[in-house]
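Chain B: place on chain A using the hints.
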Amino acid sequence: MNHLSSETFRENAKAALADTQLRGALKNATSLFGERRKQAAASLPNWEALRSQARAIKDEALSQLDRYLEEFVRNAESRGAKIHWARDSAEANAIICRLASDYNARVIVKSKSMTTEETHLNQALEAAGMQVVETDLGEYIIQLADEPPSHIIAPAIHKTRGQIAELFTAELGMPPTDDIGQLTGTARTTLRNRFATADLGISGVNFAIAETGTIVIIENEGNIRLTTSLPRVHIAVMGIEKVIPRFADLDVFLKLLPRSGTGQQLTTYQSFITGTKRNAADEGPDEVHILLLDNGRSRMLAHPVTRQSLACIRCGACLNACPVYQQVGGHAYGSVYPGPIGAVITPQLMGIQKTSQLPYASSLCGACREVCPVKIDIPRLLLHLRAEISPRKGSLAERLAFKFWAKVMTSPALYRMSAVAGRVVQRFVPISRAWTSGRDLRPIESKSFHELWTNE
Amino acid sequence: MKVSIFVTCLVDQLWTSIGVSSVEVLRRVGCEVEFDQRQTCCAQPAFNTGYLKEAREVAERFIKIYEESDAEVIVSPSGSCTAMVRHYPQLFADDPQWLPRAKAIAARTHELSSFLIRVLKIEDVGASWTGRLTWHDACHGLRDLNLKDEPRTLIRNVRGAEFVELEHADACCGFGGTFSVKYPEISVAILDQKIDAIERAGVEAVVSGDASCLIQIGGRLSRQGSKVRVMHLAELLSQRSDG
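Which chain is which? The protein sequence lines are A and B, in order.
Mapping to the numbering used here: the first sequence position 33 is 33, numbers consecutive.
Mapping to the numbering used here: the second sequence position 173 is 173, numbers consecutive.
Looking at chain A on its own, in the form it has when it is part of the complex (with noise of 0.2 Å):
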């Protein structure tokens, strides 16, 4: 699972069809949440002006990036944090495995954060030789199998209770059970104890208040509270978008975001972290870094029309509401960020030369952009992406064709004639096997309505 690569999207959804249980366990989960959401969003009065106004102050954020990071970065250090840029994947990692040996440590815990998914952080620092252990329940069962989160917000989403207790089974030596209060028990014990041996604790942000220098983190398991005041450093990792202007402006935020995530009306935990411990006595770490990532958001910044993908809060409702999502989960993408917020983003980020296929693995259904909380325009960018590729690293074939038909529908006659050619082609040729492997072929009409009119 390890290796699939967004270059075989095609191949990885193939096989993700195949399998059974996978299939089944989507299909439980994504209209579970999907419902809730929907439940969730029903409960609010004003669901569609909190969405225009967290866009609002999102786009504020953006359009004034700079200013806000380094009023972010002013008020966090002022408190006693200390800040890190980083400007890809490599100088992020290179900079906490420094932090890491520096502080001599050799059990991190991590929460979940999908920005250390994307700089692959733990490979950086278990190749430094350092224990690594991820204390999110959904991490750590894919962190145990070896394999890469295949949802935002619910990583484990594709394995079902009976895979997770085989895995169990095999990794932690438990007695086989499917009793789901003795697994996350004993994940549970597991994970206390390496909590309580922690050197460093390293965590995301899901927002950076300019106005005050907090970062705010919000969960339901109690772990990201742990990872963040048990071990004596904590490190925080964010992207540069995650920035907010004001402490006022979370409200609208933490309104939407667990709504729109698991439908919940609040998570159970928002830890709120400004700056270092006031007194020594205080419980808390004794340092807190803050590392700022950029890999490639200023150049999403950059363009008008790109620049709105930066405004996600990475909730993950628009995987759950995405038909392609639902049917193939979220390893087929071969990508960190997965379903349609992850054709989008993988290919900005990473380029896209191996991540080509992604913006196409749509229908452009527009389900996204219905449930996203911050009024991104998936398909609109999925469409300027297509626009971008396309051209360039389309088939030749495709390319032509479109060429031919160009001239075609910009021609009556042409037109004409081509649809009589298509009448007398159907009839010896099997159109379009990819069409006619699942479904039957309508014919083309014997008289075309352009005809019909005429002789009318």
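Treat each hint with caution, since some may be false.
In silico BS3-like pairs for lysine-lysine, Cα to Cα no more than 30 Å straight-line [what the hints assert, rightly or not]: (1) 103(B) / 407(A); (2) 148(B) / 227(B); (3) 103(B) / 64(B); (4) 255(A) / 148(B); (5) 182(B) / 403(A); (6) 407(A) / 121(B).
Quick caveat, the hints were computed from the structure, so don't treat them as lab data.
Relative to the frame of chain A, chain B by itself:
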């Protein structure tokens, strides 16, 4: 009102009765209908596959043809093709010469059910059809043109028709233009969810506003030997009890 009908290339080549029915319904509600013989395609296949140069060539021609018409509106029996024409301003966003022309054509173009209800304010076109039927929301009509109540209102006013809501009526059928042949396995997997819902609804016919979805849904129903038939909204609305 004078209407210029854009039947779409799919209807022209694969399903002419949708065009014939549309003309019949429009005339029945008092419209004068013209058909420009030069019409071909709205440019959507190229636009959605990322071939903007080719899409512009075809869209420019569409604009030119309909600029010459003195019809007040252009009506099409397709939410998807109408949505494409509404996207013309996006296609010509960087072209000061074509942008205003694109905007003018986009503003004049309406999908059939939307034209009947929003423009003409007609909710009952005097149709009759006996049987149990359901409605599939075609994505572009639903999400680009916001057509949700319009087709349902028209269907509910068909005498003799028993309308039932489809489970997940607003879920995609998996067609998606070139997506249906680029990723046929995924397209059919999505389609099968729709087919299951249709079979569970226990209907004689599934109605929709786009020939493309109906070709996709109908192709699978027929492959599986289903008794359920596919019908375009225009075909339903053209039905009269007196034949």
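Checked hints:
no., hint, in the structure
1, 103(B) / 407(A), "holds (24 Å)"
2, 148(B) / 227(B), "holds (27 Å)"
3, 103(B) / 64(B), "holds (13 Å)"
4, 255(A) / 148(B), "holds (27 Å)"
5, 182(B) / 403(A), "holds (18 Å)"
6, 407(A) / 121(B), "violated (39 Å)"
The structure shown violates just one earlier hint, number 6.
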